[in-house]
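Asker: Each chain, letter by letter, is given below.
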Amino acid sequence: RQRAAFLPPPPLLQAMPAIAPLTIRRPGAHPQDTPPSDRGIVTSWRDFRAATAQDEEVSVGGIKIGFPNGRPTFKTSDGAYALSIGLAFQEDFGGFPSVSRRNGEDRGNFNSFTSNSRRLRIPFTFRYKDWVANVTPDFGHGNNDGQVGLYEANINYAGLHNTVLTVGYFQPRVTEEDAESSNDFMFVERPAIIDLVRTIAANDARFSVGGMHYADRWWIGSYFTGQEWGNRNERGYYASIGDNITDSQTGGTFRVAGRPIVTKDVDMHVGISSIASFKVAKSATGRSYTFAQRPEINLGESILMTTGAINNVAQLWSAGPEFALRWKRLLVKAEYYRIGVERSGGLPSLGFQGWYGAVGYTLFGNPRRYSIQEGGFLAPGVSPDQEFDPLHDRWGALEIAARYSVADLNSRIGDADGIRGGQQTVWATGLSWYPNRYFKFMLDYNHFIVSRSSATVNLYGRNGDAVVGRIQSTF
Amino acid sequence: RQRAAFLPPPPLLQAMPAIAPLTIRRPGAHPQDTPPSDRGIVTSWRDFRAATAQDEEVSVGGIKIGFPNGRPTFKTSDGAYALSIGLAFQEDFGGFPSVSRRNGEDRGNFNSFTSNSRRLRIPFTFRYKDWVANVTPDFGHGNNDGQVGLYEANINYAGLHNTVLTVGYFQPRVTEEDAESSNDFMFVERPAIIDLVRTIAANDARFSVGGMHYADRWWIGSYFTGQEWGNRNERGYYASIGDNITDSQTGGTFRVAGRPIVTKDVDMHVGISSIASFKVAKSATGRSYTFAQRPEINLGESILMTTGAINNVAQLWSAGPEFALRWKRLLVKAEYYRIGVERSGGLPSLGFQGWYGAVGYTLFGNPRRYSIQEGGFLAPGVSPDQEFDPLHDRWGALEIAARYSVADLNSRIGDADGIRGGQQTVWATGLSWYPNRYFKFMLDYNHFIVSRSSATVNLYGRNGDAVVGRIQSTF
Amino acid sequence: RQRAAFLPPPPLLQAMPAIAPLTIRRPGAHPQDTPPSDRGIVTSWRDFRAATAQDEEVSVGGIKIGFPNGRPTFKTSDGAYALSIGLAFQEDFGGFPSVSRRNGEDRGNFNSFTSNSRRLRIPFTFRYKDWVANVTPDFGHGNNDGQVGLYEANINYAGLHNTVLTVGYFQPRVTEEDAESSNDFMFVERPAIIDLVRTIAANDARFSVGGMHYADRWWIGSYFTGQEWGNRNERGYYASIGDNITDSQTGGTFRVAGRPIVTKDVDMHVGISSIASFKVAKSATGRSYTFAQRPEINLGESILMTTGAINNVAQLWSAGPEFALRWKRLLVKAEYYRIGVERSGGLPSLGFQGWYGAVGYTLFGNPRRYSIQEGGFLAPGVSPDQEFDPLHDRWGALEIAARYSVADLNSRIGDADGIRGGQQTVWATGLSWYPNRYFKFMLDYNHFIVSRSSATVNLYGRNGDAVVGRIQSTF
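Protein chains in written order, with my numbering: chain A, 1 to 475; chain B, 476 to 950; chain C, 951 to 1425.
If you're looking for bench data, these hints aren't it; they were derived computationally from the structure. Every residue gets a Cβ at the ideal spot worked out from N, C-alpha and C, and that includes glycine. Possibly wrong hints are sitting among the right ones.
Cut-off 25 angstroms, straight-line C-alpha distance, at most; resulting in silico cross-link-like pairs (DMTMM-like, lysine to aspartate or glutamate) [as the list claims (entries may be wrong)]:
id, chain 1, residue 1, chain 2, residue 2
1, C, 1229, C, 1367
2, A, 282, C, 1055
3, B, 754, A, 465
4, C, 1229, B, 522
Quick list of the computed label-pair ranges, beta carbon to beta carbon [claimed, not checked]:
id, chain 1, residue 1, chain 2, residue 2, range
5, B, 800, A, 101, 52 to 62 angstroms
6, C, 1262, B, 582, 10 to 20 angstroms
7, B, 786, C, 1050, 52 to 62 angstroms
8, C, 1377, B, 580, 48 to 58 angstroms
9, C, 1262, A, 222, 55 to 65 angstroms
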């Protein structure tokens, strides 16, 4: 290969140079036909070099450049130095055709039509041998667009086999839904219970120290976690608590998952996820925590389900099982999580819970496949010869999906020391079209029913409908 | 060409490799001597490949890299994958030598010297064949620097001839002044009426769905538009309305322009622009809209001309003619726009208006030329052999310009249901020096006269003077 | 060299292509083994070309790419066009094991454990010949992370020998500590007096017009300065004053430094730094200024030492001597600064002061060396054959350091017109480990004693301890 740079490349390379993969990070039955991940890419230097040796790239005077998985990457031939620049672009638009109201309660912010830049991340990955730094600005986060923040900023050591050790602001993964890249989603949002669980001590841009390891049949990861990036800033970004915090949160995550059955037509995934906040952040008013969730749409609408601030919180924890099964073009998923709130001052514990069941069918294009690095499922794939081209009767990939999701934030509602956060049920149906690997168009319809909660816009229970579209581009 | 990578490049290429254009997006009599645009670049894959075939770049193992128009660009040889990273850097500094005051009214914020990072945009453009995603962070927007936001984030399909279809946050173009790139401006700011008009439903980072098409002699574009990025965020960035919006704005733009006369010495441009807000955003206080404008300088100074919040707004619209004429080194421009405000609740309609006339003369360097893709004029050009080099008596390009601009926000001021927003007249003179294509230094002097308005700092009418410099770098 | 691209590169290049330097910006006894700077890189076109001619890079069809100093750089072969993208990543975590309290005063925000993204800068440098534009977003600034801002955005002319002329938002350098890149620090924070001095009219993202020149034995620089970026924004970022400023600050810096003794074992540095605010920003409440400083840790904790707002400030100035001496692996540094506050309205002047002495010893790795471009010392270096590799008994570089630092903000405390800002003494010890040039891990322990001040959380004098770690990655 040494001399490859100085000879004409083979004809195939000329025709489709970028289809040749630089890495084998997300392999499967049809590698390299699914969207790139929304994360910085961390592989060991050995794997990075090995990938290099396999691919079609040409070494030019000690430097290699290419578009592995579509992501522009520049590196020295030995892979010691590398920079890659990616994109995770997701913009939503839509509204709420109908939301019920009773007894003259406040209408709430349910726009008939509005828009939201849901994620606009540009991952920068810098490598020196087995050390990798990821910095990913996010120009689209927040429930209403208009703020700029950080998705991740961490340092990784990848010198151990199939293992990544991480320190810094990171998204430790718990639950199967959270393990998936947002670029691969069946619906525009995760089920409510998943967001409630992961926000306890994980979520985006969480200060983390820990690691994950994967093998062909199993995945394990555990992280000690602190506050979210910006959490202590009054003008904060994710879930701002303010600058008067006298003791920040600490917590941790643990997840183990496996694939007991793997055949050509079947992938079975089972797992257990758990998360805890050992102590929540303390301010002048003590240690409190608020659970709240939107109706599985994020267009900046009012929250109907919330516990309000729960005071005297000692610990939070959540745990539950993951299950998913692919059979040919069909994928079925279900997860259940229980949330516990231990309180100080002699107050009784609280218990919340939620579950969901989802089913997706890939009408055309390649069906969803399993990623062993993520311990979860990838998006449907579009092979180069399937890319949208109506003149040649090529249409990319299309998936239809349905989901039933329940989150219950009521606990001891008959007692004075109980909490009425409401119970939310969402029926969601979705359509996802991938004209090629790098672009995606989604259309979701949600019907939601929320019982009365501590939210001032939901005093009597409400239900409604939402229609939302998403445009996505990922490199 | 196939073997070009493997032979020494021709001597010319060695001497000035980047002067060779990668694209022919902004052609003219002297192509590639004007500043790059401040926008993400969208061309069809076919054009992108054709441009590639023409230019002097060398294919290396399936990858091409270069600096077309100065903008670093990386792509596969077939142009299927590409990334480019640009820069639109404009910083202003200056102040207000004198601003009149009467009857002890508040002085207002008219600094004798201050500075403002007016635009600091880094356009990232990702391409896969005919699909192009633009994301442009802006580290310099806002009337007082200190906020970071978004200039554009959109997905484009360029597979149809000379046509770009766009969805996402975008700046749909209305009026000839708005059609020009800010890098090409004669003065540091647009005339007041232009900013008043385009803000109705277009402006930066507006959610848009639509398209534009151009030919050698005409240009047409139309977009459905929603809210601006961040508009619903309380800590918003452009024109924040807040998160209590229960119904977002919708609107649209339509512009058609042509070049009836094209000779070596003459370019005549005529056009019609129109814009409307079908409904303005609704909050708890109903549907209201505020017109306001600075005196054609943006150093964070007080606004002297504003209607204050106009309540019960049903629709807004504006329309008017565009005219421009180049004769050799002289460019004359004039536009007039009428703004209509339809109100609900039986309130009578309101009418505002404005116009400007501007003249620019390129003392040395190449004169301004017409861009058919923009339907407007480009900056003066600097050929490589004209670049600033005092030892060889080369001085780049220099333009002098003058402008008379009026905006009138008074309507029915004799009646109780009228609005007194004030009338602002600005006499502006400007000097723009381009040492080369990529750098520009401007010095403007403005004299402004504003009749009394709804602004608390302008109760009796005020006038004043401003001096402002700008440094600009664009790639 | 012309044909180099078309022959196999020499074996050494294959083995370690990026070790070969592209520039010689930061030379020394062991060039290219210290962390890259946190700044945009400005060299003259001539030097840039000369560096190119020396290095091992290979010209490919008119384009060169490489990782000089680890920073990805793309340029035309003649160096006329270039883009580089860097990284300055510093994240802190730790807390305050003990902070004394008396008489029931407010505890203050002294977290037992928290984290802060201290600096997350991505420097973009665009070049056209001798003109260079730097834009550096900062996703980690602020005392509590959660805000995104700007570190620098300036235009430079580098056409004069060993000279850089700059206009725009920039960090003009005063004091030896400030002259160093933050990537090279012995401790996580500068001594308090240095931050107090440089904030008067320099500091990050200060609007600046000026230049610097260096030679082998001396360094000189002077800048006129205005406001900081975002200073006039109410939601500002660095030291927000608000948008009601009617007259912005102006000021200036002057620094001259030299190396009277240079031998293999000894570098002696002497210098004088001075800074002044000719007028401080004026708001509705007049011209006021606040001195405040954290206890040389920046985890968002409460400020114990502050003057509160000093009113009627006419001018501020500071000046003092710099001294540093390297003897083999030992570096000793000391600086003293006096601060003067001239007040209007017949109020007497105020005087503050501070000093520090620091000592660092490089246990293993290459000792700190002098940078003539910065007029200050670089970090310890790690040669390629010293990089962390425990299997081969290689450990990178390790430095131990100690510092004694005093800042005194008391002036005329016996008089009614005096100011009691408090006196702060910090004993700091630190450990810095560099596994290679690009990564660094720090652990600092601080003990601080602060006499009573104008801060509401320090009414009686307090002392305490802090432990903080930092992870750093720089390209």
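Asker: Take the C-beta atom of residue 1262(C) and the C-beta atom of residue 582(B), compute their distance, and say whether it sits inside 10 to 20 angstroms.
Answerer: Between residue 1262(C) and residue 582(B), where Cβ atoms are some 19 angstroms apart, the hint holds.
Asker: For the hint 52 to 62 angstroms, verify it against the beta carbon of residue 786(B) and that of residue 1050(C).
Answerer: Once the Cβ atoms are compared, 57 angstroms apart, the range 52 to 62 angstroms for residue 1050(C) and residue 786(B) holds.
Asker: Could you grab the alpha-carbon distance between residue 1229(C) and residue 1367(C) and see if it respects the 25 angstroms cut-off?
Answerer: holds (21 angstroms)
Asker: Falls inside 52 to 62 angstroms, the C-beta gap from residue 800(B) to residue 101(A)?
Answerer: Holds - the Cβ-Cβ distance for residue 800(B) and residue 101(A), about 58 angstroms, lies within 52 to 62 angstroms.
Asker: Given the hinted pair residue 282(A) and residue 1055(C), is their alpha-carbon gap at most 25 angstroms?
Answerer: holds (18 angstroms)
Asker: Holds or violated: residue 754(B) with residue 465(A), Cα cutoff 25 angstroms?
Answerer: holds (22 angstroms)
Asker: Would you check the hint for residue 1229(C) and residue 522(B), treating anything up to 25 angstroms between C-alpha atoms as holding?
Answerer: violated (56 angstroms)
Asker: Please check whether residue 1377(C) and residue 580(B) have a Cβ separation lying inside 48 to 58 angstroms.
Answerer: holds (56 angstroms)
Asker: Against the range 55 to 65 angstroms, how does the distance between the Cβ atoms of residue 1262(C) and residue 222(A) compare: consistent or not?
Answerer: With Cβ atoms ~58 angstroms apart, the hint holds.
In the structure shown, a violation is registered for the earlier hint numbered 4 alone.
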